[in-house]
Amino acid sequence: MRLTAAETEAFGTELDALRNEIRADLGERDAAHIRRVVRIARGSAIAGRSLLMFGIDPITWTFGVGALATAKILENMEIGHNVMHGQYDWMNDPTLDSQTYEWDNVCDSGHWRRYHNYEHHTYTNILGRDRDVGYGLMRISREQYWHPKHLVQPISNVILATLFQWGVGLHGLDPTRAFKSKIGRARMRKESGAFLRKAGRQLAKDYMLFPALALGNAPRVLLGNLAANVIRNVWTNVIIFCGHFPEGARVYTREETRNESRGDWYLRQLQGSANIEGSSLFHVLTGHLSHQIEHHLFPDLPAHRYAEIAPRVQAICAKYGLPYNTGSFWEQYGSVLKKLFVYALPDRAAEPHGAAPLPA
Amino acid sequence: MQTQSTLWTTPWLRPFNDVVAIDDLLTQVHATWSLARIKARVLAVVDETADTKTFVLRPNRNWPGFRAGQHVGVEIEIDGVRHQRRYSLSSAPSARRVIAITVKRQPGGKVSSWLHDRVHAGDVVGLGPPAGTFTLPTPRPERLLMVSAGSGITPLMAMLRDLAASPALDVVFVHVARRPDDAIFAAELTRLAASRPGLTVHHHHSAERGRFDAATLAALVPDHAERTAFLCGPAGFMTTIRTHFATRGLADRLHEESFGAPSGATPGADAGTLEVRCARSERLFDAAADVPLLVAAEQAGLRPRYGCRMGICHTCSCVKRTGTVENVLTGEISSEPGERIQLCISRPRTELTLEL
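Taken in order, these protein sequences are the chains called A and B.
According to this note's numbering, the residues represented by the first sequence are 10 to 369, in order.
According to this note's numbering, the residues represented by the second sequence are 12 to 367, in order.
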């Protein structure tokens, strides 16, 4: 599927027009949405932590963990991630300011803004520039070079999912580059202070401050906080993996993306991303990353708008004969898991880059 | 800006010291309750003239008090967007629990129109801390002259109300308005002048008696050169009086406050270069009107943070204190003070002040 330069430009112009239309329509409704989610997340956190602290039975423990995990998921995904993208900067509300917001996980928000908002969203799916392609641990496309570490990626995936916030936090230090180069090590040293401070505070909060306040209930609270963090970790990992890794999502080489126009950039965002279908509750719990395509086309539009503009994006794609990658959660995550197994092994010499199989 | 860490700010006590969350909760209970923010209940809205209203407010306990002549930031939210404007306080500071601002409706003014049309007794507005150096010096000068025009009367009215109780009052108060109907506080001025022997009030109505200038001042107040003068009004009026004082070598006797639209000049696309003031680094540079601000800043030797340089990542986003910019991608205009702009996709339309 190739568009001419003129078609690409027209495609970009249509998306620009859609963006401007939504941007001009932002107002009370969007402000009310984000404030409502902020309150629900806070309420959920208070409820969860209270149940863990004051309950004694396993049922309240389970509900406490669920409420706290929900709070962390909402705060990280629908609030933190989206606010830091600048989706609500137009409100001039200092508590929802993209450049000063700090979220509830071990990743320093300054690091996040740099490698997610800038690197990942600008160089999306470009091999060697977007470190989110496989996170330096996984091989999720044929175009990536195989390395023996990829043999264990079905297992490292489970470990990464469980500890995902630590993966995200360390990702900011670019550990792969630190292993390889002096510059990488220097940068890691420079940035590690911010990471350690943030991680220390998060650990102190969930594993010292709250357990200590619970007195005799400390082990219950500590375990509950651990469980909530793990649930949040696994959930975010699974949703994020569905964003760019399902079958059909393309990766790019640096050469292909030289001298990209704005239309080309839109095309790459579209073809490198995949959506998950679901209910509106599901969408909020994913921070609307279930509309990864719309998010990548318009990273700074309030995310709760993605669902309503998705049909229009889909129509524009259809008009230009472009694929629009969407599917149920199990379809998308299933295809990610399949890739994790398939690309764990080196390519058979017989199949360089998806060419037709050789005769036997 | 490193502020000292306190129990309220240390991140180690999160979420127990999350002032924002606690304030939000308090606000649900009572609209003016807050740990940190100044909020005020509107007690009354008084019509002063056809286009000017006084809002009598009862601030919460976070209000630190003020000095006559100072102004206060009024914060309101219109369609999800927070706006702030500064208005002079017109009440006497001695009434600590009740304050007043007097607001003239600006043509096309978003906030002043909202205040006039939508704010009623019983509503709650957010306030910033009072600020401003246009205040009476201590010790108080014995003989005073106050010259105001239009809504420039508000800070001077606060001063006059503050002084009115003092026994050794010697004030000449000149107020310029277009017509008698436009004169704010006219009735109260007349009443005060009648009951306070030390106060002389002159009204000048320019629709009848022509432009107020130095000669008019000299005729109305022959001893004005011997008084400490306070001046507030529109730019042209201020310039006239300021020049008069300066040429007579009296500049140090004149205290002044300007108000209204800052650097109102809005040149079109052929503006050439515009001055950009960086409030944090205290630098000044000239930006071409057709070049993104990020590039202009770099050409001037500044090194603002940046990322994608194409409007995606918001790394270069920066608060614009004053002025107007245009978004080169969308053509959107931002003229609201305090709005965040992306330097890489914004070009200046007027002179700017940035938090850079």
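Just so you know, these hints were derived from the structure itself, not from any lab.
Incorrect hints may appear among the rest.
To be verified - Straight-line distance between alpha carbons at most 20 Å, and here's what the computed SDA-like set of lysine to any residue pairs gives:
1) B/121 / B/97
2) A/214 / B/29
3) A/214 / A/15
4) A/347 / B/62
5) A/328 / B/29
6) B/121 / A/119
7) B/121 / A/33
8) A/214 / B/23
9) B/121 / A/35
10) A/214 / B/97
11) A/199 / A/119
12) A/214 / B/17
Going through the hints against the structure:
1. With a C-alpha separation of about 13 Å, the suggested pairing of residue 121 of chain B with residue 97 of chain B holds against the 20 Å cut-off.
2. Taking the CA atoms of residue 214 of chain A and residue 29 of chain B, the gap is near 13 Å; set against the 20 Å cutoff, the hint holds.
3. Straight-line distance between C-alpha atoms of residue 214 of chain A and residue 15 of chain A comes to about 55 Å, which puts the hinted pair past the 20 Å bound.
4. At most 20 Å may separate the alpha-carbon atoms for a hinted pair to count; residue 347 of chain A and residue 62 of chain B exceed this at roughly 70 Å.
5. Taken as a hint, the residue 328 of chain A and residue 29 of chain B pair is broken in the structure, with Cα atoms around 49 Å apart against an allowance of 20 Å.
6. Only pairs whose Cα atoms come within 20 Å are accepted, and residue 121 of chain B paired with residue 119 of chain A is rejected, the gap being roughly 35 Å.
7. In summary, the hint linking residue 121 of chain B to residue 33 of chain A is supported, as the alpha carbons are separated by about 17 Å, within the 20 Å threshold.
8. For the hint pairing residue 214 of chain A with residue 23 of chain B, the CA-to-CA distance comes to about 7 Å; that is within 20 Å, so the pair holds.
9. For the proposed pair residue 121 of chain B and residue 35 of chain A, the alpha carbon gap of about 17 Å is at most 20 Å, so the pair holds.
10. Only pairs whose Cα atoms come within 20 Å are accepted, and residue 214 of chain A paired with residue 97 of chain B is rejected, the gap being roughly 40 Å.
11. Between residue 199 of chain A and residue 119 of chain A, the direct Cα distance comes to roughly 13 Å. Compliance with the 20 Å bound is thereby established for this hinted pair.
12. Our distance criterion of 20 Å between C-alpha atoms is met by residue 214 of chain A and residue 17 of chain B, whose separation comes to about 17 Å.
Of the numbered hints listed earlier, those contradicted by the structure are 3, 4, 5, 6 and 10.
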